[in-house]
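Chemist: Sequence:
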Amino acid sequence: MAISQHDDVPVAGLTTGQLARLLGVSPTTLRSWDRRYGFGPAARADGRHRRWSPDDVAMAQEMCRLTATGTPPAEAARTARLRARGSEHGHGPDRSSLEPSAGTDGTPGRAGSGLPLGRVRPECRGLARAAVRLDAEEVRELLRQAVTHHGPAVAWEEVMSPALQAVGRKWQSSGDQYVEVEHLLSWHISAALRHYYPDAARTRRTATGLPVLLSCLPGEQHTLPLDVLTAVLGDEGLTVLMLGGSVPADALITAVRRVASLAVVLWAQTGDTADLGLAGRVAEARWGVRGARTRTPVLLCGPGWHPVTDDAGPPGLTHVTSLRDAVRRLTGLRQAPPSR
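In UniProt numbering, the protein residues as written are 1 to 340.
Bear in mind the hints are in silico, worked out from the structure with no lab data behind them. Among the hints, a few may not be true.
Said to hold, decoys possible - Label pairs and their in silico Cβ distance ranges:
1. 119 - 221: 17 to 23 Å
2. 258 - 22: 52 to 58 Å
3. 75 - 18: 23 to 29 Å
4. 27 - 82: 23 to 29 Å
Since this is a predicted model, take the numbers as computed values, not measurements. Beta carbons are placed, not taken as given, at the ideal position from N, Cα and C, and that holds for glycine.
Given only the sequences and the hints, what does the whole structure look like? Please build it.
Modeler: In C-alpha cells:
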C-alpha cells in the first residue's frame, strides 16, 4: 500500500530498522542504497540518528517498486528522487506508481514484486522483492534469517518454496522473463541450506549412527529438494552422505555397497529420470562382511516417481510423498533392525 504524509509514519519519522520492516527489506539494503546512490533521509533526531520522513518513506517505496520491476538500482534511485522533488514543488507524486505491481489475476500483488504470492509470511514477501531486484546480498541475508529463526523445514515450506513457486508461475505467464530470478533464488536457497547442515550437525545434536545416502538418478540435475532434506535431517541428528545430481548407475550401486547406510533416498523430478529398474538394483545391493550381508531400505522421492509406482514395483522400495513423510520414515529407521 502506498504511504502518504498522513498515514502511519509518525511526525518524527521512522528509524532505518522500522522502515526496513515496513518495506520488507533489510536495514543493510537501505544503508547500501544510501552509500551507493545517496538515497537516504536528511533529517536526524537529536543530531545523531537518521529518521525517514513521510516523503522519504514514499521515495523508498518507489525505489522498491522500480527495482522490483527490473529497473537498475542507480536509475531507480534517480527516478524516485525526481518524483519526490516533484511532490515537494506541489506537483504531487504519481499515486498509481506507488501501488504494488498487479498479480496475474489483476489484483494488487501482496509482495509489491509483481509475483502472485497470495497470503504468505512477511519474510516471503521481502525475499520475493529482493529476488526480482536481483539483490543477491539481500536474498542471502533474508534466507539466512529465515533458516536461523524458523529452522529449515518451516523456512522451506513457508518462505522459500512459496517464493520459488511464485517466480515459476510468473515465468510461465511472461515467456522468458524471470528465468534469471528463479536461477538466482534457487542457487542462494541451496547455498543457505548447505551452509546450515554442518552447523546443525555440530551445534544442535550430535549426529550418530549410519548415514542416509542421498542421490539423484542419472540425468537428474534437480538437487535442491535433497539440499532441503539434508538440512532438515541435520536438525534431527542424522548424518547425511549427499552424492549430488545425475549420479551414474554403476557409481550409485558402488556407493551403496561401500557405505553402510541407514537408507538410500533417490530423487526423480520427472518420469524421464525415474528409473524403477535401477531403484530395484539399489534395493538389492548388499553391504557388510560375508555371511552377514545387509540390504538398505530405498526411499523414492520426487514427483517423477508418481507415474512409475502406480503398479507394484520391486521389493524394498518405499514411495515417499512429502518432505515430512521422508523425515518421519528416516528418523523411524534409527530404531529398526537392518534388513538381511
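Chemist: So, for every hint listed, does it hold in this structure?
Modeler: Results of checking the hints against the structure:
no., hint, result
1, 119 - 221: 17 to 23 Å, "violated, 32 Å"
2, 258 - 22: 52 to 58 Å, "holds, 54 Å"
3, 75 - 18: 23 to 29 Å, "holds, 27 Å"
4, 27 - 82: 23 to 29 Å, "holds, 25 Å"
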